[in-house]
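K.L.:
The whole structure should be built from the sequences, with the hints applied where relevant.
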Amino acid sequence: MPLTINNLNHRIHDGHTERWLLTRVSLNITPGECVALTGDSGSGKTTLLNLIAGLEPVQQGEIYVGGQGLQHAKDKTLSLLRKQTLAMIFQHYNLLSSLNVMDNISFSARLAGRYDEEHSLSLAKNLGIDHLLDHYPDTLSGGEMQRVAIARALGPRPKLLLADEPTGNLDNSNSDKVIAQLLSLAKSHHSALLMVTHSSSVAEKMDKIYRLKDGLLSQQSGGG
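Heads up: the sequence shown at position 195 corresponds to 195 in full-length UniProt numbering, and the numbers run straight through without jumps.
It should be emphasised that the hints constitute simulated quantities derived from the structure, not laboratory data. Be a bit skeptical, because a hint or two may be false.
Pairs of lysine-lysine residues, derived as DSSO-like cross-links and limited to a Cα-Cα distance of at most 30 Å, are as follows [said to hold, decoys possible]:
id : residue 1 : residue 2
1  : Lys208    : Lys187
2  : Lys205    : Lys177
3  : Lys213    : Lys187
4  : Lys125    : Lys74
Each pair of labels, with its calculated beta carbon distance range [said to hold, decoys possible]:
id : residue 1 : residue 2 : range
5  : Ile12     : Glu117    : 41 to 49 Å
6  : His72     : Met1      : 35 to 43 Å
7  : Leu121    : Gly168    : 27 to 35 Å
We put the beta carbon where it would ideally sit given N, CA and C, even for glycine.
P.N.:
Here it is in structure tokens:
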């Protein structure tokens with residue numbers, strides 16, 4: 001199972017008080033399954049992604065990524081997990097400006113010791129950026145940069161993809177194209193996808209839709 005969460009509770013400091021941001025959150029995502037995570041600003045969506053990525057410590061409950069429990073994992077284990085098991089796609093792309101498109105695409109795969117030139121070129125072709133391999137990020141449009149970021153994330157063949165509003169900076173046309181490509185590639189590579197989105201049209205393209213409200217996670221009707 002790429003992702004299993006059992007009875008996760010997370011408390012934060014809010015001003016001078018403490019409150020539970022997440023309460024009894026449980027979730028399972030299977031290989032190739034694409035899941036939308038919705039909710040109002042401040043509901044805990046990004047915090048949940050950070051917990052799954054091992055960027056914040058688990059306070060109560062259990063998170064397993066690719067079978068690895070995070071609740072007692074050391075920093076070295078979490079770092080290795082982020083290199084080899086999961087990948088993150090950010091709203092602001094986080095491309096390396098000093099590297100061209102091909103080197104950006106291959107960066108994560110090289111870091112994980114899984115670089116495969118044929119695989120990287122195939123991703124670039126499928127995402128329609130194979131004509132940009134010698135270009136640098138500052139010459140690309142927002143849609144092109146997002147497609148490079150997706151190719152980079154898929155390069156190491158991760159078991160789990162985490163995406164935080166990956167189309168938030170794109171217009172509707174580019175957003176639709178990027179989402180369609182991301183879903184197709186996640187399915188074909190059997191990568192589970194958990195995507196934070198405020199867009200109902202994006203959420204409805206996923207297999208399942210979950211909503212965070214008042215600390216509780218519930219499955220919504222709809223989804224592909």
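K.L.:
Output the indices of the hints that this structure fails to meet, ascending.
P.N.:
4, 6
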